[in-house]
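J.: In case you want the letters, here they are:
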Amino acid sequence: MVYDAGRYDVIVIGAGHAGVEAGVAAAKMGAKTLMLTLNLDMVAFMPCNPSLGGPAKGIVVREVDALGGVMAKVIDKTYIQMRMLNTRKGPAVQALRAQADKPLYIKEMKHVLENQENLTLRQGMVNELIMEDGVCKGVVTETKAAYYAESVIVTTGTFMRGKVLMGDLEYESGPNNQRASIKLSENLEDLGLDLTRFKTGTPPRVNSHSIDYSKTEMQPGDEKPQCFSYETTEFITDQIPCWLTYTNEVTHQLINDNLSSSAMYSGMKRGTGPRYCPSIEDKIVRFNDKPRHQIFLEPEGRDTEEVYVQGLSTSLPEDIQHDMVKTVPGLENAEIMRGGYAIEYDAVIPTQLWPTMELKHIPGLFTAGQINGTSGYEEAAAQGIMAGINAGAKIVGKEPLILDRSQAYIGVLIDDLVTKGTKEPYRLLTSRAEYRLLLRHDNADLRLTEIGHDYGLITEERYDQFVEKQRLVEQEKKRLGKLIIKPGDAVQQMLQNANGAPLKEAVKAYDMLKRPEVTYDMLEHVIETNGDLPDIVKKQVEIQVKYEGYIKKANEQVDRMLKMESKKIPDDIDYDDIDGIAFEAKEKLKKVRPLSVGQASRISGVNPSDVSILLVYIEQGKIARVAN
Amino acid sequence: METDTITAISTPVGEGAISIVRLSGSAAIPVTAGVFQGKNLHDAETHTIHYGKIIDPETNEAAEEVMVTIMRGPKTFTREDVVEINCHGGMIAVNRVLEIILEQGVRIAEPGEFTKRAFLHGRIDLSQAEAVMDLIRSKTDKAMSVALKQMDGRLSQLIGRLRQQLIETVAHVEVNIDYPEYDDVEEMSHEMMRTQTQEVHAEIDHLLEVAKQGKILREGLSTAIIGRPNVGKSSLMNTLVQENKAIVTEVPGTTRDTIEEYVNVRGVPLRLVDTAGIRETEDMVEKIGVDRSRKVLEESDMILFVLNYNEELTEEDKKLFEAVRGLDYIVMVNKSDLEQKLDLTKVNQLAEGKPVITASLIKEKGIDELETAIAETFFAGDIDTGDMTYVSNIRHIQLLKQAKQSLEDAMSSLDMEMPLDIVQIDVTRTWEFLGEIIGDTASDGLIDQLFSQFCLGK
Ligand SMILES: Cc1cc2nc3c(=O)[nH]c(=O)nc-3n(C[C@H](O)[C@H](O)[C@H](O)COP(=O)(O)OP(=O)(O)OC[C@H]3O[C@@H](n4cnc5c(N)ncnc54)[C@H](O)[C@@H]3O)c2cc1C
Ligand SMILES: Nc1nc2c(ncn2[C@@H]2O[C@H](COP(=O)(O)OP(=O)(O)OP(=O)(O)O)[C@@H](O)[C@H]2O)c(=O)[nH]1
Numbered sequence: 001m002v003y004d005a006g007r008y009d010v011i012v013i014g015a016g017h018a019g020v021e022a023g024v025a026a027a028k029m030g031a032k033t034l035m036l037t038l039n040l041d042m043v044a045f046m047p048c049n050p051s052l053g054g055p056a057k058g059i060v061v062r063e064v065d066a067l068g069g070v071m072a073k074v075i076d077k078t079y080i081q082m083r084m085l086n087t088r089k090g091p092a093v094q095a096l097r098a099q100a101d102k103p104l105y106i107k108e109m110k111h112v113l114e115n116q117e118n119l120t121l122r123q124g125m126v127n128e129l130i131m132e133d134g135v136c137k138g139v140v141t142e143t144k145a146a147y148y149a150e151s152v153i154v155t156t157g158t159f160m161r162g163k164v165l166m167g168d169l170e171y172e173s174g175p176n177n178q179r180a181s182i183k184l185s186e187n188l189e190d191l192g193l194d195l196t197r198f199k200t201g202t203p204p205r206v207n208s209h210s211i212d213y214s215k216t217e218m219q220p221g222d223e224k225p226q227c228f229s230y231e232t233t234e235f236i237t238d239q240i241p242c243w244l245t246y247t248n249e250v251t252h253q254l255i256n257d258n259l260s261s262s263a264m265y266s267g268m269k270r271g272t273g274p275r276y277c278p279s280i281e282d283k284i285v286r287f288n289d290k291p292r293h294q295i296f297l298e299p300e301g302r303d304t305e306e307v308y309v310q311g312l313s314t315s316l317p318e319d320i321q322h323d324m325v326k327t328v329p330g331l332e333n334a335e336i337m338r339g340g341y342a343i344e345y346d347a348v349i350p351t352q353l354w355p356t357m358e359l360k361h362i363p364g365l366f367t368a369g370q371i372n373g374t375s376g377y378e379e380a381a382a383q384g385i386m387a388g389i390n391a392g393a394k395i396v397g398k399e400p401l402i403l404d405r406s407q408a409y410i411g412v413l414i415d416d417l418v419t420k421g422t423k424e425p426y427r428l429l430t431s432r433a434e435y436r437l438l439l440r441h442d443n444a445d446l447r448l449t450e451i452g453h454d455y456g457l458i459t460e461e462r463y464d465q466f467v468e469k470q471r472l473v474e475q476e477k478k479r480l481g482k483l484i485i486k487p488g489d490a491v492q493q494m495l496q497n498a499n500g501a502p503l504k505e506a507v508k509a510y511d512m513l514k515r516p517e518v519t520y521d522m523l524e525h526v527i528e529t530n531g532d533l534p535d536i537v538k539k540q541v542e543i544q545v546k547y548e549g550y551i552k553k554a555n556e557q558v559d560r561m562l563k564m565e566s567k568k569i570p571d572d573i574d575y576d577d578i579d580g581i582a583f584e585a586k587e588k589l590k591k592v593r594p595l596s597v598g599q600a601s602r603i604s605g606v607n608p609s610d611v612s613i614l615l616v617y618i619e620q621g622k623i624a625r626v627a628n
Numbered sequence: 001m002e003t004d005t006i007t008a009i010s011t012p013v014g015e016g017a018i019s020i021v022r023l024s025g026s027a028a029i030p031v032t033a034g035v036f037q038g039k040n041l042h043d044a045e046t047h048t049i050h051y052g053k054i055i056d057p058e059t060n061e062a063a064e065e066v067m068v069t070i071m072r073g074p075k076t077f078t079r080e081d082v083v084e085i086n087c088h089g090g091m092i093a094v095n096r097v098l099e100i101i102l103e104q105g106v107r108i109a110e111p112g113e114f115t116k117r118a119f120l121h122g123r124i125d126l127s128q129a130e131a132v133m134d135l136i137r138s139k140t141d142k143a144m145s146v147a148l149k150q151m152d153g154r155l156s157q158l159i160g161r162l163r164q165q166l167i168e169t170v171a172h173v174e175v176n177i178d179y180p181e182y183d184d185v186e187e188m189s190h191e192m193m194r195t196q197t198q199e200v201h202a203e204i205d206h207l208l209e210v211a212k213q214g215k216i217l218r219e220g221l222s223t224a225i226i227g228r229p230n231v232g233k234s235s236l237m238n239t240l241v242q243e244n245k246a247i248v249t250e251v252p253g254t255t256r257d258t259i260e261e262y263v264n265v266r267g268v269p270l271r272l273v274d275t276a277g278i279r280e281t282e283d284m285v286e287k288i289g290v291d292r293s294r295k296v297l298e299e300s301d302m303i304l305f306v307l308n309y310n311e312e313l314t315e316e317d318k319k320l321f322e323a324v325r326g327l328d329y330i331v332m333v334n335k336s337d338l339e340q341k342l343d344l345t346k347v348n349q350l351a352e353g354k355p356v357i358t359a360s361l362i363k364e365k366g367i368d369e370l371e372t373a374i375a376e377t378f379f380a381g382d383i384d385t386g387d388m389t390y391v392s393n394i395r396h397i398q399l400l401k402q403a404k405q406s407l408e409d410a411m412s413s414l415d416m417e418m419p420l421d422i423v424q425i426d427v428t429r430t431w432e433f434l435g436e437i438i439g440d441t442a443s444d445g446l447i448d449q450l451f452s453q454f455c456l457g458k
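Those protein sequence lines, which keep their order, are chains A and B. Be aware that the first sequence starts at 1, since it is given in the UniProt record's numbering, and climbs by one per residue. Be aware that the second sequence starts at 1, since it is given in the UniProt record's numbering, and climbs by one per residue.
Don't read these hints as lab results, they were simulated from the structure. All of these numbers come straight from a predicted model, not from anything done at the bench. Check the hints yourself; a few may be wrong.
[What the hints assert, rightly or not] From the derived model, a few chain B residues whose C-beta atoms are all more than 12 Å from chain A: (1) K53; (2) M71; (3) T115; (4) V173; (5) E191; (6) M192; (7) V241; (8) D343; (9) K346; (10) E352; (11) I425.
[To be verified] Below, computed lysine-lysine pairings styled on BS3-like, alpha-carbon distance capped at 30 Å: (12) A:K563 / A:K394; (13) A:K553 / B:K75; (14) A:K563 / B:K75.
All C-beta atoms, glycine included, are put in the ideal place defined by N, C-alpha and C.
Can you build the whole structure from these sequences, using the hints too?
T.: What follows is the structure in structure tokens.
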């Protein structure tokens with residue numbers, strides 16, 4: 001018999017990267033929130049690489065922060081190294097990457113959760129959901145505790161019927177030998193959810209003392225202090241480097257010889273792994289003409305000697321892993337502390353979700369994170385915060401929040417998932433965003449702070465700062481638009497130094513800044529400066545002015561997209577009733593149940609003529625309603 | 001609702017003497033007004049008809065005489081502003097007008113789109129809705145099959161190849177962005193990107209060029225006969241017409257001063273420029289100067305330049321040589337039955353390798369040679385009639401032009417040394433436009449390319 005363990009507004013199952021964002025968001029919105037997780041010492045644990053951010057992903061971290069999330073703040077307190085990537089490229093693709101201190105990250109995150117108002121953190125294994133009339137009303141744990149709530153968010157990552165694979169060894173397990181979540185997965189299946197089987201893997205970790213770093217190349221962090229959160233003011237200056245080395249012909253030969261003993265190559269049918277995170281076995285099979293592959297040695301933290309061997313993700317047997325590691329320069333004497341392994345797990349086919357992250361056929365149930373077929377900490381956090389906000393919104397009576405593809409990478413991610421689904425673990429890439437010039441690292445706050453504030457996730461203090469920044473940017477742009485620069489010695493010298501064409505006649509400072517070779521900093525030497533504008537404002541002005549033409553073009557495309565997005569499809573539409581739509585398209589539409597004609601048009605298999613007919617049909621419905 | 005403006009030829013192709021280019025949308029009137037010579041249409045009253053000329057804003061020349069009907073919404077078929085441009089000059093004229101309208105940024109209508117708009121704006125009632133959907137379906141299918149039929153297999157292969165080239169370039173840039181730490185992927189440079197875009201640009205350019213030739217094949221090579229008074233221009237025209245049985249003898253316009261003669265010379269369709277035009281060119285150079293004559297002559301696909309064997313070379317002749325330099329022309333030295341006064345060595349020199357045919361129209365001599373020269377000039381170029389990949393579908397041509405424009409945007413960003421991830425946006429657009437031509441609009445292609453081309457991962 002179960003016992004009544006209490007009533008909450010929102011229950012979050014899991015305290016991984018999705019769970020923590022979901023829980024904190026709901027709690028901040030005022031929902032009484034319970035977070036249940038398997039092991040309190042492992043909240044926001046990173047089972048794979050000790051790093052956060054990178055292209056696209058780093059921008060997501062900023063977006064989550066702008067919405068009021070926690071990931072950015074916690075990493076800002078716990079990084080061992082921070083780098084801005086793609087600095088020689090355009091502003092749209094620059095992004096931060098941090099090497100994390102894994103144990104410290106957990107500690108800091110736990111601290112945040114413990115001190116979050118409205119949030120109860122508790123250890124426990126959820127076995128099933130409580131259902132009433134097809135609506136999810138709570139959860140029951142293995143200790144028979146029954147918790148009741150209006151909404152339940154499942155963020156159980158790779159734990160769902162997880163199976164660890166290494167050589168011919170295989171056992172039921174979550175990542176890093178945590179318990180697998182078996183009953184819950186079965187329960188979801190019983191409730192009619194379509195599940196699929198995915199897999200991913202991780203490389204061995206070696207002891208730092210056993211590495212000969214002299215044979216590797218140092219990869220230091222940036223000197224210039226940087227951080228993810230718009231609220232962070234203190235930087236960690238004492239950084240730890242990573243190291244670069246390579247595999248070679250010997251490594252490859254060894255792997256080739258032992259391919260059949262790799263869990264993933266043994267001929268057994270396995271879950272689908274991601275193409276972008278291939279194991280070293282995959283790399284050697286698929287790109288056998290490459291003489292070498294890069295290996296990055298990444299410390300797992302300040303107070304641990306474990307070093308993550310990025311590039312050697314594998315499910316080879318343990319003995320082969322020992323041999324393999326030793327073929328790599330610098331690792332000749334390396335001692336493996338934990339072996340690499342692959343993990344297979346259940347994932348929910350994400351086209352079953354509304355873009356709010358709620359299940360279409362189980363009201364009250366949300367899923368977020370790796371359980372939805374994604375991969376990556378940032379992707380998980382992004383879904384977590386959106387699920388948390390939407391679960392919270394139901395409680396406090398706010399409109400659901402759906403970000404569109406021009407607003408955030410988060411919007412791209414969720415739209416892709418719920419509209420197209422995914423055949424492999426989904427990772428964000430900059431190329432998935434069609435409006436990436438608008439989805440920049442530098443303007444995540446401009447895009448999303450307002451929304452975060454509306455939903456009660458952003459403090460008034462931060463909001464005021466944001467409004468002030470916006471004001472300064474606009475004011476400075478206006479000022480530059482009025483300021484005239486005449487051709488004079490200083491200006492010509494400046495242009496010459498920058499390899500620019502000399503100035504022939506007077507121009508507005510605004511137009512001068514449009515020149516590719518001119519930066520705001522340079523401009524400041526030849527115009528009156530505007531008091532002491534913060535650097536972040538100057539940078540923003542520079543980007544907005546310099547890329548104005550491109551941004552405008554992108555915005556025009558966005559307008560076209562939004563027009564189709566604004567054509568809503570009524571909830572009760574009966575696709576079978578529409579004669580003109582092709583059979584395949586009908587089936588897809590019935591499954592995905594797009595909210596708008598725009599979303600419908602992105603479903604693969606729905607052709608332009610189907611979209612036209614859909615449009616006509618919807619209008620017909622409108623007219624019919626007026627007529628009635 | 002939709003705010004963009006659409007256009008299409010709205011009379012069935014080839015049927016009826018009058019063809020109509022119809023526009024619908026908020027820009028219909030301003031766009032038409034912008035290319036219309038005649039009354040100011042901007043504030044023309046609704047449901048009024050206006051006579052005038054459509055001018056090509058690029059050359060500022062009058063293209064076609066038309067009657068324009070202005071109809072302001074909502075009392076129109078689509079309930080939007082509608083303009084109908086009535087052209088009298090047959091398919092060639094109507095196509096030309098359509099092209100000019102498209103150049104102004106108006107979009108070509110989807111099959112059945114006018115009707116769709118009419119419906120969406122409530123102009124067609126509920127009972128007709130089913131019919132509208134059927135219509136859209138059948139028109140779409142028909143347009144698709146027509147478009148596909150029109151598209152030669154080699155064309156789709158060529159487009160496919162260009163797309164592949166572009167996507168590899170794009171994937172390369174993407175890899176540099178998404179995996180900046182990978183040193184085994186060479187960093188794409190502006191130079192590499194420039195080479196790639198230039199190559200594709202040249203190919204698209206060529207396709208468009210050939211598209212023009214495809215049009216020529218259907219419409220005839222517009223041929224101008226020029227020369228000083230009395231050298232025998234009219235006689236040449238008559239001879240060509242009589243010799244070759246005109247395909248279409250007269251396409252009368254509304255005003256009587258345009259006559260086009262179509263003749264088929266050894267398989268080369270010639271559209272001999274109207275007699276009025278020839279009369280004008282008589283002292284054209286005198287009147288409007290070499291440069292402007294040249295501009296006029298550039299409009300023709302071929303020029304027959306007549307000289308008199310019986311007269312010495314004049315200043316006027318030399319100026320004409322200047323005006324045609326670099327264009328496709330043939331010199332015909334007429335009246336060889338009379339005494340030679342013309343310095344042929346000099347003429348050959350001025351002709352810079354172009355064919356010089358000595359003939360006598362009266363004695364019917366040299367005409368064979370002239371016809372051979374016409375055929376050779378035509379076939380020597382890029383035009384290969386028997387076995388040609390050409391784009392004839394106006395939608396395809398439009399997409400090619402958009403693709404070309406995007407590439408040019410990319411190239412100008414390259415010249416400004418913009419970062420490659422910015423340049424790449426327009427390259428991706430190009431790839432998408434080309435995809436629309438062959439009906440491949442799936443966006444996952446890039447991601448697939450990325451992972452098959454490069455070895456990436458942890
Ligand atoms: C071996 C391995 C390799 C990986 N490699 C990569 C990689 O290369 N690149 C990459 O981007 N990502 C990788 N990942 C994925 C990354 O770790 C995840 O995407 C991310 O952690 C997912 O976050 P999440 O919040 O969805 O789930 P998790 O972080 O897995 O969190 C799940 C949470 O749910 C809890 N939980 C599970 N079941 C129950 C239950 N029944 N009751 C209560 N609590 C429960 C767990 O305790 C945990 O707190 C890898 C993961 C693993 C395991
Ligand atoms: N002897 C001789 N006379 C010719 C020949 N070809 C044309 N003519 C005569 O030259 C005169 C002018 O011929 P057209 O064909 O009218 O010349 P045109 O260049 O059209 O003259 P305009 O219309 O005045 O510019 C006529 O009297 C013709 O008969 C030729 O080969 N030999």
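J.: Run every hint past the structure and note whether it holds.
T.: Right, here's what the structure says about each hint:
1. For K53 of chain B, the requirement that its beta carbon stay farther than 12 Å from each beta carbon of chain A is met, with the minimum near 32 Å.
2. At roughly 22 Å, the least C-beta separation between M71 of chain B and chain A is larger than 12 Å, which holds for a residue marked as non-interface.
3. Listed as a non-interface residue, T115 of chain B fails to keep its Cβ farther than 12 Å from every Cβ of chain A; the least gap is roughly 10 Å.
4. With a closest Cβ-Cβ approach of about 9 Å to chain A, V173 of chain B is found to fall inside the 12 Å limit, against its non-interface label.
5. Separation of E191 of chain B from chain A is adequate, the least Cβ-Cβ distance of about 15 Å exceeding the 12 Å criterion.
6. No beta-carbon of chain A comes within 12 Å of the beta-carbon of M192 of chain B; the shortest separation is about 15 Å.
7. No Cβ of chain A approaches the Cβ of V241 of chain B within 12 Å, the least distance being about 48 Å, so the stated non-interface status holds.
8. Annotated as non-interface, D343 of chain B keeps its C-beta farther than 12 Å from every C-beta of chain A; the closest such distance is 50 Å.
9. With 12 Å as the threshold on Cβ separation, the claim that K346 of chain B sits away from chain A holds: the shortest Cβ distance comes to roughly 47 Å.
10. E352 of chain B, annotated as away from the interface, keeps every beta carbon of chain A farther than 12 Å; the closest lies near 38 Å.
11. The beta carbon of I425 of chain B sits about 7 Å from the closest Cβ of chain A, which is not more than 12 Å, so the claim that it is off the interface is violated.
12. With a C-alpha separation of about 27 Å, the suggested pairing of K563 of chain A with K394 of chain A holds against the 30 Å cut-off.
13. Distance hint between K553 of chain A and K75 of chain B is unfulfilled; the C-alpha atoms sit about 34 Å from each other, more than 30 Å.
14. Distance check on the hinted pair: K563 of chain A and K75 of chain B sit about 25 Å apart at the alpha-carbon level, within 30 Å; holds.
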